[in-house]
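Protein chains: 2
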Amino acid sequence: MREQKIRTMEDFAAASGISRPTVSKYFNDPDSVRQSTRQKIEEALERFEYRPNIFAMNQNRRATKNIGIIVPYLADPFFAEIVRVIERRCIDAGFSPSLFSSHGEREREIDILDNLRSLKPAGVLLAPLGRQSDKAAIEAFCSDVPTVLFDSSIEGMGEAFVGSDNYSFVSQTVEYLSRTGDRPCFFEMMHPANPNANKRRDAYLSMMQRLQLEPHVLRVAGEGWGFEEIGRQGGLKLLAEDGLPTNTVLCSNDRLAIGFLAACYEKGVRVGRVEGCDLRVASHDGHPFSQFTCPSLTTSAHDYAMVSEHAVKTLFRLIESGGRFGKREETLFPARLIMRDSA
Amino acid sequence: MREQKIRTMEDFAAASGISRPTVSKYFNDPDSVRQSTRQKIEEALERFEYRPNIFAMNQNRRATKNIGIIVPYLADPFFAEIVRVIERRCIDAGFSPSLFSSHGEREREIDILDNLRSLKPAGVLLAPLGRQSDKAAIEAFCSDVPTVLFDSSIEGMGEAFVGSDNYSFVSQTVEYLSRTGDRPCFFEMMHPANPNANKRRDAYLSMMQRLQLEPHVLRVAGEGWGFEEIGRQGGLKLLAEDGLPTNTVLCSNDRLAIGFLAACYEKGVRVGRVEGCDLRVASHDGHPFSQFTCPSLTTSAHDYAMVSEHAVKTLFRLIESGGRFGKREETLFPARLIMRDSA
DNA sequence: ATCAAAACTTCACGCGCGTAAAAATTTATT
DNA sequence: AATAAATTTTTACGCGCGTGAAGTTTTGAT
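From first to last, the protein sequence lines stand for chains A and B.
In terms of this note's numbering, the first sequence opens at residue 848 and continues consecutively.
In terms of this note's numbering, the second sequence opens at residue 848 and continues consecutively.
These are computed hints drawn from the structure, not numbers from a lab.
A pair counts as met if it fits within one copy or between any two copies, since identical chains are not told apart.
Simulated crosslink set (DMTMM-like; lysine to aspartate or glutamate; CA at most 25 Å straight-line): (1) 1114 to 1125; (2) 872 to 958; (3) 1114 to 1188; (4) 1160 to 954; (5) 1160 to 952; (6) 1084 to 1188; (7) 967 to 893; (8) 967 to 939; (9) 982 to 893; (10) 872 to 961; (11) 982 to 1049; (12) 912 to 961; (13) 1046 to 1150; (14) 967 to 876; (15) 1084 to 1125; (16) 912 to 958; (17) 967 to 896; (18) 887 to 876; (19) 912 to 952; (20) 852 to 986; (21) 887 to 961; (22) 852 to 961; (23) 982 to 896.
Produce the entire structure from the sequences given, and follow the hints as far as they go.
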């Protein structure tokens, strides 16, 4: 009983008995039309299953409903989890999220920003590569497109930053470890990809000072995003050289710790907090896999839900404010210590 | 010294001294214009950094240059790795890939297909959820949009399927395990999310028969995409009940094995192939994390590179063929056994 | 130099929809 | 019932580009 093929908004407007400009208004914001006409349109929508041409829409709209999501490294389940939450919120708010991963490559990040620009997004959630990022490119992008940074901050860029408080991570682990056993030494990469790593080291040093303990930073070779392998190689080297100053190792992040634990296992070093163990290992992030390491990893976890939730809310607020905040906002969420078997 | 603002292709054509239709032709395919004009355009392109409006382009083109990539579960690094390769190939071929993850949810997959339709993609690479997928929705989608399935096949859908040969996985692990030790029992989920799991079980049974060994399938409770936890819980239960008929466990996939290994560690069961070990554990997939388990996991690995490469090539061929093949193609790549410490 | 093929230019239309302005209608307020 | 306010309809234009037709120029082979 379908009258005729509905192809354009013109057709659909005729079929629903509403003028096209009003229908257009409805699709832009269903609440902007009178309740009764909204009902009529939605009835017709069920009868004819028409969808406006997305390209024609975006060509003419002042602002699109697109939202860009950029993460540095999708093979890290940490980001996959955050993306899942963010996508859902965007869709629920009537936006179309587009997901991009820099895959740890500087050039990819630049290209993504470039392509995203032509999508004329209403806003962008950007977790930058960090040290590898082309600062100038990001700065230029942020001045063109309303952008909220998350996970890893770059000084002064974006209208807002939402992330975790690195000091909170480290203070909890250091406090816990030093209270329940030997003082922790800090295990990290020589050239961290991410500014969070630097903040964590600083936090470690300051905490140790506060507790009047001698700090010890172990920096292992390796670059790039293959953290596990770097942690493993570094661990093997340290264990072979007997290079651990204490029997408690605090890793900068969980992926490094996963590699370090693998090294310990290979070398027959028993990790744990119970009697008979040689070493305690703890870490930071609350990585999805941290509960399946051997032994399960004691770690200080991001508040994933809060970070992603707040990042999205901030972006929505930014969009509503016309793309600019008066001054850059910075929100940090505290971590939550998860005590498991490794320390 | 920038003469004036270049906003439209009209402006750019004037600035480059080429007519707009020819410029348009160039952007559609740079090789479709004479070498000398191509050069002129590209010179102007550097001077003026103009980019055509993507929405106006796509609105009028017969076929867009968009390619959709859909994966069932992005938190699995397996897919993240495949996506990385596929994206790169698409970009190099002049396409714009859009990435979507169903995040293990049936409704998300349906929505993605729905949204993707209005992007009028030239082609789609789809790794379906599997058992949870809405078969009718996928079938309808495939009949509208040129689609190549990968990773997990659905009988008869899509113009082609590219994946790994499950029999190859299992035959290698079973052969190796039974040759070097006790016969393997097969560890899997009660209700696998993915048809590959069924094929692997069948392959196990047939291999065991061929080798004249008694098969033993252990099916543990659990649904959804949290394989590690399912493997862990199942492992704990089996170990507590002393429910293992042999001292060799072959897991259906690596994520299950990661959980199973965690259970073994918790229970103090020593896994490995060397003397003094209680149990051997092997698995399938070649998961990026499988080398960091404790002990490192012996597994039969996908040929990631070949699968992603061939999937992309097949899609390109499909697009060039006008979106239809005469008959459905199915390409399976063999696995490669990676011997590590767990078995 | 000749000529056909290839490539380009000019001209023109249309894609599907956003949006502005003015007129007509409905709703809310007193 | 009268009036103001809110909403919708009518009308019309334009977004930036793809594409076709017809005419002109360039190319490359003879």
